[in-house]
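From just these sequences and the hints, can you work out the full model?
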Amino acid sequence: MKVMMIIVGVWLSALLGPPLLATLWAMVDDDARRVRRVAVVAALVACVAAAASYFVPELSGVRLAWPWRSALLGPSIVRVSALSSFLVLLPPVLWLATITSTPSARLDRLGLGRTALGAAIGAFAFLTDSPLLLATCWATSSGLFLWGLASAPNRRATRVVAYYHGGSLALLVGGIVALAIGGPTGSLGLALVIAAVLVRKGIVPFHAWIPEAFDQGRIGPTVLLSAPQLGTYVAATLVVPNAPEATLRVVAILSLVTAVYGAALALFQADARRALGYLFVSQSALVLAGLDCTSEDALTGALVLWISSALAFTGVSRTVLALEARRGRLLLTRHHGGFDQMPLLAASFLLFGLACSGFPGTLGFIGQEMLIDGTVRSFPAMGFLAVAAAALTGLTVLRMYFSLFCGRPSAGPRLRLLRREAVVFGGIAVLLVASGVLPGRVIRAGERASEALLRARDAVQRLSAPAERSASD
Amino acid sequence: MTLWIHAAVLVTFVAPLLMLMALGVAALGGLGGERALGAVTRVGLVTALGGALTALSSYLLTSARPPSLRVGTWFAAGETTFALDLAVDSLSLGFAALSLLICNIVAVFSFRYLHREPGFRRYFFQMAMFVVGITLVALAGSVEVLFVGWELLGLSSALLVGFFQERRGAVNNALRVFAVYRLSDAAMLSAAVLLHHWTGSGNLIALFSGDQSGLAPGQVLLIDALLLVAVACKSALWPFSGWLPRAMEGPTPSSAVYYGALSIHAGCFLLLRAQPLLAASTAATLIAASGGLITAAYGSLAGRVQTDVKSAISYATLTQVGIIVVEIAAGLELVPMLHIAGHACFRLLQFLSAPNVLHERHELDNRLGGALHRPSPTRRAGVYLFALERGFADALLERVLVAPFRLVVAKLDALDRRLVGDTSRARGRAP
Numbered sequence: 001m002k003v004m005m006i007i008v009g010v011w012l013s014a015l016l017g018p019p020l021l022a023t024l025w026a027m028v029d030d031d032a033r034r035v036r037r038v039a040v041v042a043a044l045v046a047c048v049a050a051a052a053s054y055f056v057p058e059l060s061g062v063r064l065a066w067p068w069r070s071a072l073l074g075p076s077i078v079r080v081s082a083l084s085s086f087l088v089l090l091p092p093v094l095w096l097a098t099i100t101s102t103p104s105a106r107l108d109r110l111g112l113g114r115t116a117l118g119a120a121i122g123a124f125a126f127l128t129d130s131p132l133l134l135a136t137c138w139a140t141s142s143g144l145f146l147w148g149l150a151s152a153p154n155r156r157a158t159r160v161v162a163y164y165h166g167g168s169l170a171l172l173v174g175g176i177v178a179l180a181i182g183g184p185t186g187s188l189g190l191a192l193v194i195a196a197v198l199v200r201k202g203i204v205p206f207h208a209w210i211p212e213a214f215d216q217g218r219i220g221p222t223v224l225l226s227a228p229q230l231g232t233y234v235a236a237t238l239v240v241p242n243a244p245e246a247t248l249r250v251v252a253i254l255s256l257v258t259a260v261y262g263a264a265l266a267l268f269q270a271d272a273r274r275a276l277g278y279l280f281v282s283q284s285a286l287v288l289a290g291l292d293c294t295s296e297d298a299l300t301g302a303l304v305l306w307i308s309s310a311l312a313f314t315g316v317s318r319t320v321l322a323l324e325a326r327r328g329r330l331l332l333t334r335h336h337g338g339f340d341q342m343p344l345l346a347a348s349f350l351l352f353g354l355a356c357s358g359f360p361g362t363l364g365f366i367g368q369e370m371l372i373d374g375t376v377r378s379f380p381a382m383g384f385l386a387v388a389a390a391a392l393t394g395l396t397v398l399r400m401y402f403s404l405f406c407g408r409p410s411a412g413p414r415l416r417l418l419r420r421e422a423v424v425f426g427g428i429a430v431l432l433v434a435s436g437v438l439p440g441r442v443i444r445a446g447e448r449a450s451e452a453l454l455r456a457r458d459a460v461q462r463l464s465a466p467a468e469r470s471a472s473d
Numbered sequence: 474m475t476l477w478i479h480a481a482v483l484v485t486f487v488a489p490l491l492m493l494m495a496l497g498v499a500a501l502g503g504l505g506g507e508r509a510l511g512a513v514t515r516v517g518l519v520t521a522l523g524g525a526l527t528a529l530s531s532y533l534l535t536s537a538r539p540p541s542l543r544v545g546t547w548f549a550a551g552e553t554t555f556a557l558d559l560a561v562d563s564l565s566l567g568f569a570a571l572s573l574l575i576c577n578i579v580a581v582f583s584f585r586y587l588h589r590e591p592g593f594r595r596y597f598f599q600m601a602m603f604v605v606g607i608t609l610v611a612l613a614g615s616v617e618v619l620f621v622g623w624e625l626l627g628l629s630s631a632l633l634v635g636f637f638q639e640r641r642g643a644v645n646n647a648l649r650v651f652a653v654y655r656l657s658d659a660a661m662l663s664a665a666v667l668l669h670h671w672t673g674s675g676n677l678i679a680l681f682s683g684d685q686s687g688l689a690p691g692q693v694l695l696i697d698a699l700l701l702v703a704v705a706c707k708s709a710l711w712p713f714s715g716w717l718p719r720a721m722e723g724p725t726p727s728s729a730v731y732y733g734a735l736s737i738h739a740g741c742f743l744l745l746r747a748q749p750l751l752a753a754s755t756a757a758t759l760i761a762a763s764g765g766l767i768t769a770a771y772g773s774l775a776g777r778v779q780t781d782v783k784s785a786i787s788y789a790t791l792t793q794v795g796i797i798v799v800e801i802a803a804g805l806e807l808v809p810m811l812h813i814a815g816h817a818c819f820r821l822l823q824f825l826s827a828p829n830v831l832h833e834r835h836e837l838d839n840r841l842g843g844a845l846h847r848p849s850p851t852r853r854a855g856v857y858l859f860a861l862e863r864g865f866a867d868a869l870l871e872r873v874l875v876a877p878f879r880l881v882v883a884k885l886d887a888l889d890r891r892l893v894g895d896t897s898r899a900r901g902r903a904p
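If you read the sequences in order, they're chains A and B.
If you read the first sequence in this note's numbering, its first letter stands for residue 1, the second for the next number, and so on.
If you read the second sequence in this note's numbering, its first letter stands for residue 474, the second for the next number, and so on.
These aren't lab readings, by the way, just hints derived from the structure by calculation.
Check before you lean on any hint, since a few could be wrong.
[Stated by the list, open to error] Which bits of chain A does chain B cover? Going by a derived footprint, with three or more residues having C-beta under 8 Å, they are:
id	region
1	13-25
2	182-192
3	199-210
4	293-307
5	333-339
6	392-401
7	431-444
[Stated by the list, open to error] Restraint ranges, calculated between C-beta atoms of paired labels, are given here:
id	chain 1	residue 1	chain 2	residue 2	range
8	A	Leu418	B	Leu490	29 to 37 Å
9	B	Phe819	A	Val433	33 to 41 Å
10	A	Thr333	B	His588	44 to 52 Å
[Said to hold, decoys possible] Residues of chain A placed beyond 12 Å of chain B at every Cβ, according to the derived structure:
id	residue
11	Ala32
12	Ala82
13	Arg218
Glycine included, every Cβ here is placed at the ideal spot set by N, Cα and C.
As structure tokens, then:
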């Protein structure tokens, strides 16, 4: 037992310690390039530690309970569930990709510190089921997001994001408190938590802040803090086990509508950043839709899509940023050309975009295939919205590809990818394609996580059924 | 003998996949010269063709009918299973052999045609994607395999239409082509998911052999309708024909293999495979027959006024495709297959010889016989304008589908901007 505690302690330190140390380093060192080097090493260590949860079975099921029992504190401080093991790799990997591929001209030590802290918070959030700690992580990541936006020249985005994130935080806190009180206020609490998730995830009609943040803010931190999808994790932890089926159905249908809405608006955007914003709206809504179907297939598909869309979308946005660093702001109403100057960047963009749209041979295909199968089984009519979203996303991606890389003779020297950019894009591509061609391990992990979620839901529903019966008697 | 046939089918399935991987690595890494790429392509294609011919001849020589081949299960979770089933019958093996034979011919032609072309590697990678796609469509024994092949055909087609990436017209047309193909993919995916949902299996072999016991008449009609949309988009049946002349922007060998020989017939082949399902619904059969007839008439009319040789050939192709669809709707089996095979080979020859004819004559239009200079009765009837405008097919789709969609999206976009206090106008104009 003691040995196990030591192993867990070392593992948690290796996972959360490096990003926290990198944050501290960024506070004291003025040299942004050196801070980046330290952060890259820290991110690598955190990635290895997170990957250990896949390969060391003893880590699964580890639980560090609170010394006191309280509904607000929840069952445990740290709990490595099947879902945690499945997701915990995301924050460090995205952090590593972000800091490694950020153009040197845009480096700033405080930004690096924020991203490191964001990664630590993201990883920790996936390891806890405590409502209070989840709300704390939610508030901190929103604060970091706003802090990053504050440096943008246009204050409108900061204001808009502050309204939406502030509102969602207030809803979440109110919801958690009401859930803790229990009884009749429990239903109100659940409704508030669902509302908080909808706002944070940008589900229609609460979506307008996301394209604005992409348009006016800094894309790197925006993606890093949004792509792991803390809102979805809160939904999986607090909403899926407790909500009645009818409520989940409404959330799923709203999410499916949002997936189509985001994909349709992305298709007609005139600006690459706004198109990215709407693509993100669509992708993250699809994940939530699968999560709320309560069918095991859809749930597993949603979890696989969660990983795939986070990786693929990070790849798409990093390639657009790399192109922006070379060309400035990118409009989609004209053709920029230059495929011959940067073929690898163009191919990377196309591959990541196609993975977002669920193209065969990528992990996105596996996730979307299972998600669509599951959603059609749950909602035969509405499930086809997922098909429409996938079709529109594919079209958007190809439109962006043609606009950003084709349609004009190449002029000037060949713009090679920097080595660190090539490593990041190559790494993401290998992850997406390898797990798309051989998806067994990812699917099994997703199945374990979805079974655990459904078991938790069954347990809660069984407990609440007698209580409801006695109340009606 | 069954084992022998299965081994040959497996070779037909695996060889293009390995070729795709090798050419993908070469294209991304900028590796290999023309000779090396040519060798890889030749080995892959000849091996696959050898496998297909061996499987077909063995199948025809033996009296036993071997079962379909399950290569394995790609993935499975809960009730979702992605089975890699390959059909082993004369239709599948015949179409696979025809496709690979044509791909071999086009590859040999392309080595010379694209000699020293900057996009040489990219072209052969995209062609390999096409070869994998058409092989999967031909051999698909499950609806999932069919869908993967269908998607690969669509993407490779769009990328090859936009092969000359520096030309704005080429990439705009490629996007148009891809838009129609996405509609086709969506219809195909919907049909696949519904089949799974209603029959509990994605097995095409049982379904296409006439076993629709698990389906109600309304369900058969809906699946047929979705398949017809998928086929109409892929084979450019009216009213989805507008993309066909636009697709001629690609290199001539790719136009030959896609829009003269194989891709345009992929829809017909699928319809032929699905004939028992189509025959189970009178309404669907009538829709298919009418679509075929209208397309044949439209292709014949529009083809007569084209001023470039590739467009003229493509509309002539469309006429025959329409007739093939009518044959399938009429319940014929052997005739449409022979029609597909003969027509694909003939158009391939026409497309591949077109550049030589143009080169000989030093002009790009098709006024080869002078027929268009004679006064025509069609002109008096106003049909000439209809033909010249290609039946207003693009305008019709633009007005009925695209414009309302664009209008709604523009209004929603404006609403979103107002919600966040953005009163400025969009930086650019939406496409």
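Can you list which hints this structure breaks, lowest number first?
1, 2, 10
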